[in-house]
Amino acid sequence: DVKVTQSSRYLVKRTGEKVFLECVQDMDHENMFWYRQDPGLGLRLIYFSYDVKMKEKGDIPEGYSVSREKKERFSLILESASTNQTSMYLCASFPGTGFYEQYFGPGTRLTVT
Amino acid sequence: AQTVTQSQPEMSVQEAETVTLSCTYDTSESDYYLFWYKQPPSRQMILVIRQEAYKQQNATENRFSVNFQKAAKSFSLKISDSQLGDAAMYFCAYWGATNKLIFGTGTLLAVQP
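These protein sequences, in sequence, are chains B and E. Using the numbering used here, read the first sequence as starting at 1 and increasing by one per residue. Using the numbering used here, read the second sequence as starting at 1 and increasing by one per residue.
Just chain B, same shape as in the assembly (with noise of 0.2 Å):
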């Protein structure tokens, strides 16, 4: 059965402190993908990553970087953690190329203070 994994389902942090986010899926899957979800907004695209090594920005990265040194993990790191980034996170990946569906994980709400 497909599975998106996320190392934790609530986070709480101080502002300032470094927050890394992980999601592992165990399907082979090349694409992973992180969002941001908030209230009114939907999901809103962070960063994803085609394979290993490799990454591209999404629509709202500043804030965060990513990190995919294997197939099967993809780290979303938040450097130096702000109030404005308290939210959902949600991880998901799908195979190879063209469409396929997303497989999502069950996310994580992190909370700055």
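Keep in mind that the hints were calculated from the coordinates and are not lab data. Take these hints with a grain of salt, some might be off.
What the hints assert, rightly or not - Calculated cross-link-like contacts (lysine-lysine; reagent style BS3-like; alpha-carbon spacing at most 27 Å):
1) B:Lys70 - B:Lys57
2) E:Lys100 - B:Lys71
3) E:Lys100 - B:Lys57
4) B:Lys55 - B:Lys70
5) B:Lys55 - E:Lys100
6) E:Lys100 - B:Lys53
7) E:Lys78 - E:Lys100
8) E:Lys73 - E:Lys55
9) B:Lys57 - B:Lys18
10) B:Lys3 - B:Lys55
11) B:Lys3 - E:Lys100
12) B:Lys70 - E:Lys100
13) E:Lys55 - E:Lys78
14) B:Lys3 - B:Lys53
15) B:Lys13 - B:Lys55
16) B:Lys57 - B:Lys3
Since chain B is already given, all that's left is putting chain E on it; use the hints.
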């Protein structure tokens, strides 16, 4: 740039009744895909239904069907015989040449017993 608009932030339906969620989009592309995703309170986003733009026939998945009007750039979701488990946030999404999903802002559906 492509945009997706969901004009109904919240909807309510009685159990066993039918409800239609609206979605409009803007694009200059001729070849694309449209999707409805469901996000239940547990937060795992799942694909409900997809429509290829080149297909004139409306997609159907059990109790879920779409009304795809390509010229009007409209893509509504009809849920028949609504069940309590249908209560969720529903997102309309567009996939085109950018190889990225573009989401609407979502419609929160409540199902009344």
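Checked hints:
With a CA separation close to 19 Å, the supplied pair B:Lys70 and B:Lys57 stays within the 27 Å bound. For the hint linking E:Lys100 to B:Lys71, the alpha-carbon distance of about 19 Å falls within 27 Å, and the restraint holds. Between E:Lys100 and B:Lys57, the direct Cα distance comes to roughly 11 Å. Compliance with the 27 Å bound is thereby established for this hinted pair. Between B:Lys55 and B:Lys70, the direct Cα distance comes to roughly 12 Å. Compliance with the 27 Å bound is thereby established for this hinted pair.
Among the hinted pairs, B:Lys55 with E:Lys100 is consistent with the structure: their alpha-carbon atoms are about 13 Å apart, no more than 27 Å. At roughly 19 Å between alpha-carbon atoms, E:Lys100 and B:Lys53 fall within 27 Å of each other, so this suggested pair holds. A hinted pair counts as satisfied when its Cα atoms are at most 27 Å apart, and E:Lys78 with E:Lys100 qualifies at roughly 25 Å. About 14 Å separates the Cα atoms of E:Lys73 and E:Lys55, which keeps this hinted pair within 27 Å; it holds.
In summary, the hint linking B:Lys57 to B:Lys18 is supported, as the alpha carbons are separated by about 20 Å, within the 27 Å threshold. Our distance criterion of 27 Å between C-alpha atoms is met by B:Lys3 and B:Lys55, whose separation comes to about 22 Å. A C-alpha spacing of about 20 Å is found between B:Lys3 and E:Lys100, which places the hinted pair at or below 27 Å, so the restraint holds. Note on B:Lys70 and E:Lys100: the hinted pairing holds, with a Cα-Cα distance of about 21 Å set against a maximum of 27 Å.
Taken as a hint, the E:Lys55 and E:Lys78 pair is honoured in the structure, with Cα atoms around 18 Å apart against an allowance of 27 Å. With a C-alpha separation of about 21 Å, the suggested pair B:Lys3 and B:Lys53 falls inside the 27 Å cut-off, and the hint holds. Under the criterion of a C-alpha separation no larger than 27 Å, the hint pairing B:Lys13 with B:Lys55 is consistent with the structure, at around 25 Å. Taking the CA atoms of B:Lys57 and B:Lys3, the gap is about 24 Å. The hint holds against a cut of 27 Å.
This entry satisfies every hint, going by the numbered hints stated previously.
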